[in-house]
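All chains should be built: construct the whole structure from the sequences, respecting the hints.
Residue 0 is where the sequence shown starts when you use numbering that gives the first Met the number 0, and the numbers rise one by one after that.
In short, the hints are calculated from the structure, not lab data.
Among the hints, erroneous ones may be present.
25 angstroms max Cα-Cα, derived SDA-like pairs, lysine to any residue [to be verified]:
#1 Lys142 <-> Gln2
#2 Lys67 <-> His19
#3 Lys11 <-> Ser83
#4 Lys142 <-> Pro26
#5 Lys67 <-> Pro100
#6 Lys142 <-> Pro47
#7 Lys142 <-> Glu162
#8 Lys11 <-> Pro26
#9 Lys142 <-> Glu12
#10 Lys142 <-> Leu130
Computed beta-carbon distance windows for the label pairs [as the list claims (entries may be wrong)]:
#11 Glu3 <-> Gly150: 35 to 45 angstroms
#12 Pro41 <-> Glu75: 40 to 50 angstroms
#13 Glu3 <-> Thr158: 44 to 54 angstroms
#14 Lys142 <-> Glu105: 29 to 39 angstroms
#15 Pro103 <-> Leu70: 13 to 23 angstroms
#16 Gly89 <-> Gly138: 31 to 41 angstroms
#17 Met0 <-> Glu105: 32 to 42 angstroms
#18 Val73 <-> Pro41: 40 to 50 angstroms
#19 Gln24 <-> Phe114: 21 to 31 angstroms
#20 Pro26 <-> Ala104: 27 to 37 angstroms
#21 Glu35 <-> Leu160: 15 to 25 angstroms
#22 Glu35 <-> Glu75: 22 to 32 angstroms
#23 Asp74 <-> Lys142: 32 to 42 angstroms
For glycine and all other residues, C-beta sits at the position ideal for the given N, C-alpha and C.
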Amino acid sequence: MRQESDLNVLLKEAVQLAWHGMRAQVPDFTVDIREEYADAPPQIEVIPQEMSRVFLNLLSNAFQAVRKRSLQDVDEYSPIVKVSTAYHDGRHEVRIWDNGPGIPAEIREKIFQPFFTTKATGEGTGLGLSLSYDIVVKGHGGKIGVESEVGKYAEFIVTLLQEEKHEE
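Following this line, the structure appears as structure tokens:
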């Protein structure tokens, strides 16, 4: 059920859940989490459980990406995940950035398709990004996109429109 929600609060909770989930799987996992939240953005009407699921999925993927790269670049790599929110011109924007291995262009077009995964068998269903896409785009009329440079970073951007309040 839709309700007025603070995206900052939902994202902060998702950061904690994803972090603890990753630490449960990989007890020695470390990452520099950099958080930057919009200053008092307006509440937005969303289904909070669904948006939390989107954020949790994107953050879990980011943590797995930096973990993967840390196993490859053992010596001079420092894993970083940045999360931020912004609000301007009636748009809420949530960004989740990681300095993992990045996403090749030929894969970027497919990542929101159901059952598409780059993970090893048994590690992922290929449904996380597809489900996130459906929640954001079909369920909330928003947008979800990705920017990436292989070997440098991946950044997922979720954009939601602030609906006008109409007095009856």
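Each hint, compared with the structure:
1. Lys142 <-> Gln2: holds, 19 angstroms
2. Lys67 <-> His19: holds, 17 angstroms
3. Lys11 <-> Ser83: holds, 10 angstroms
4. Lys142 <-> Pro26: Distance ~34 angstroms between Lys142 and Pro26 Cα, so the pair is violated.
5. Lys67 <-> Pro100: holds, 8 angstroms
6. Lys142 <-> Pro47: holds, 17 angstroms
7. Lys142 <-> Glu162: holds, 15 angstroms
8. Lys11 <-> Pro26: Distance ~21 angstroms between Lys11 and Pro26 Cα, so the pair holds.
9. Lys142 <-> Glu12: At roughly 21 angstroms apart (the allowed maximum being 25 angstroms), Glu12 and Lys142 satisfy the hint.
10. Lys142 <-> Leu130: Cα-Cα ~13 angstroms, so holds.
11. Glu3 <-> Gly150: 35 to 45 angstroms: holds, 41 angstroms
12. Pro41 <-> Glu75: 40 to 50 angstroms: holds, 43 angstroms
13. Glu3 <-> Thr158: 44 to 54 angstroms: violated, 19 angstroms
14. Lys142 <-> Glu105: 29 to 39 angstroms: Cβ of Lys142 to Cβ of Glu105: about 22 angstroms, so the range 29 to 39 angstroms is violated.
15. Pro103 <-> Leu70: 13 to 23 angstroms: Given about 19 angstroms between the Cβ atoms, the range holds.
16. Gly89 <-> Gly138: 31 to 41 angstroms: violated, 19 angstroms
17. Met0 <-> Glu105: 32 to 42 angstroms: holds, 39 angstroms
18. Val73 <-> Pro41: 40 to 50 angstroms: Holds - the Cβ-Cβ distance for Val73 and Pro41, about 45 angstroms, lies within 40 to 50 angstroms.
19. Gln24 <-> Phe114: 21 to 31 angstroms: Given about 22 angstroms between the Cβ atoms, the range holds.
20. Pro26 <-> Ala104: 27 to 37 angstroms: holds, 35 angstroms
21. Glu35 <-> Leu160: 15 to 25 angstroms: Roughly 21 angstroms apart at Cβ, these two residues keep to the hinted range, so it holds.
22. Glu35 <-> Glu75: 22 to 32 angstroms: For Glu35 and Glu75 the Cβ distance comes to about 25 angstroms; the hint holds.
23. Asp74 <-> Lys142: 32 to 42 angstroms: At roughly 38 angstroms between Cβ atoms, Lys142 and Asp74 fall inside 32 to 42 angstroms, so the hint holds.
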